[in-house]
Amino acid sequence: MKIKLFNLLRTVAMAMALLMTIAFAHAGEPAAKQKIAIVISTLNNPWFVVLAETAKARATELGYDATIFDSQNDTAKEASHFENLIAGGYKAVIFNPTDADGSVANVLKAKAAGIPVFCIDREINSTNAATCQMLSDSYAGCVKLGQYFVKTVGKEGNYVELLGLVGDNNTWNRSKGFHSVVDRFPGLKMVAQQSADFDRAKGLEVMESMLQAHPDIKAVFCGNDAMAMGAYQALVSAGKDKQVKVFGFDGANDVVKLISEGKIAATGMQFPKVMARTAAEYADEYLKGRRDFPQKIPVKVDLVTPENVSNYGDYGKK
Amino acid sequence: MAITEKNKTDIIRRFIAVAVAAFLCWLFPLFHVVPLKMAVAEKTAGKFDATAFVEKFWIEKLLPAANTAVNAKGLLAAIQASPSNAKTNYSRSVGLSDSYFYFLHGEGKIVAVSDDTVSIVVTGNSTNVEITLQTGLIFGDAIRDGTGLLHASAYPNSQDFNDISAALNHEVETKVLPKLREQAKVGARISFAGCAEVNDESSDLHPLNLIPIETKSE
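If you read the protein sequences in the order shown, they are chains A and B. FYI, this note's numbering numbers position 220 of the first sequence as 220, with every residue one higher than the one before it. FYI, this note's numbering numbers position 185 of the second sequence as 1185, with every residue one higher than the one before it.
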């Protein structure tokens, strides 16, 4: 009996000693950092890499443990990222959605789990899911591009259009903004319009087939700069880069450089760094108690042309 | 050829199979034939109608708000004194942007008329054109964003919000400009209300380039 009691006391003492050792070992360590997830539609485009890396850098500066998730333009992958980040204890999400309608459910899941979501660049079709959406004013940007298009291409001639992802509102806001101007000039005829999914390789491919069917075009309007680069590459290969003016949208570094060399006509400068930094700061403010965020914040887009290109670079204004 | 018992059973089985298949098709039809008009109506049901929205908004909200817009004479004096103070006190900007809008009303004398502008002097002793009213093709978001009456946050899909802009510009082109072109005689006095967008203060303030929403001969 005495031996049993002694063994029991010894076990309890050892357990307490172990617990105290663990407690002392952790006493000097700071509390674990809160985690912020940055879910990006695709990292297969330098523009989105800048968006993701800037958000991560700002969140890290603000003291968070930030992780980037690449959805690869796949709503299923995006849904899986949300499942994982909800289970993984992330406190906020900076989100660049893959699909305006398809991504709403993911945001609602995070909201139900008490995780705020800050959309950047791409929109979701809901005003009660995300905490805030910071969106480039693509429509207004493409109105300006459309006006410059008419000024440089002229009021007559054939042109083609490369659309982005058909499920993304930016695709249609850009196209509609552009056509709100260009369609007012009946002499300008769009002879082909096709999606190249905001992708450079697809832009090249689609442009090659468009050139075969329509060798007489004067210009191509592209819904983003990746497609504009692909289209330009196709034009160079076909020896038509001097004949066909290329218009892009994004303000990617390679396109800005080609504008300064007179090889691409114009682009719309979005400000990915401004959007990403502001979203990280908003997430920080939310986690510190702020709740009064506007649902949608339009971000101005600047027209970049050979006349003002020296003012732009590194994904923003110099 | 006599029908054997086996054949009879076979025929009955096939008949039952066809009857079951027909019943299932009736219960769960593979397709519906719908008149084209009805299909189009179903597809567009619930979609935002920007034109209808703007027609109502124009009469019920926009025109009444023009009376409370900033007075042109006061605004021009404020800009003359300090563009940055004028911006702080009278302008409106949207989201993250260095551009801003003025929503103003006033009256003045027409001093020049071109294909796409009507030039106005508002201040009695001014020799410079102070305001130009656009009379050509109308583009952009000055009317939608310049008044403070419409907000992007109210629209789940930004395409609807952008359609409002296009519909407002169409309203200006079809309802306001034809009347203004008739009124546009050099020397005539005119009252006006509208919105101006300022992207570059060095060029957009002198004169203020206004998209008119209402004009009246005095």
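Calculated directly from the structure, the hints in this document are not laboratory data. Possibly wrong hints are sitting among the right ones.
To be verified - Partial chain B-side listing against chain A, Cβ under 8 Å, derived:
#	residue
1	Pro1064
2	Leu1096
3	Asp1141
4	Ser1158
5	Gln1159
Think of the CB as a built atom: it goes at the ideal place given N, C-alpha and C, for glycine as much as any other residue.
Hint check results:
1. Pro1064: The hint is violated - Pro1064(B) has no Cβ within 8 Å of chain A, the shortest such distance being about 25 Å.
2. Leu1096: With a closest approach of 5 Å, the Leu1096(B) hint holds.
3. Asp1141: holds (5 Å)
4. Ser1158: holds (6 Å)
5. Gln1159: Gln1159(B) check passes; min Cβ-Cβ to chain A is 6 Å, inside 8 Å.
Comparing the model with each numbered hint stated earlier shows that hint 1 is the single one that does not hold.
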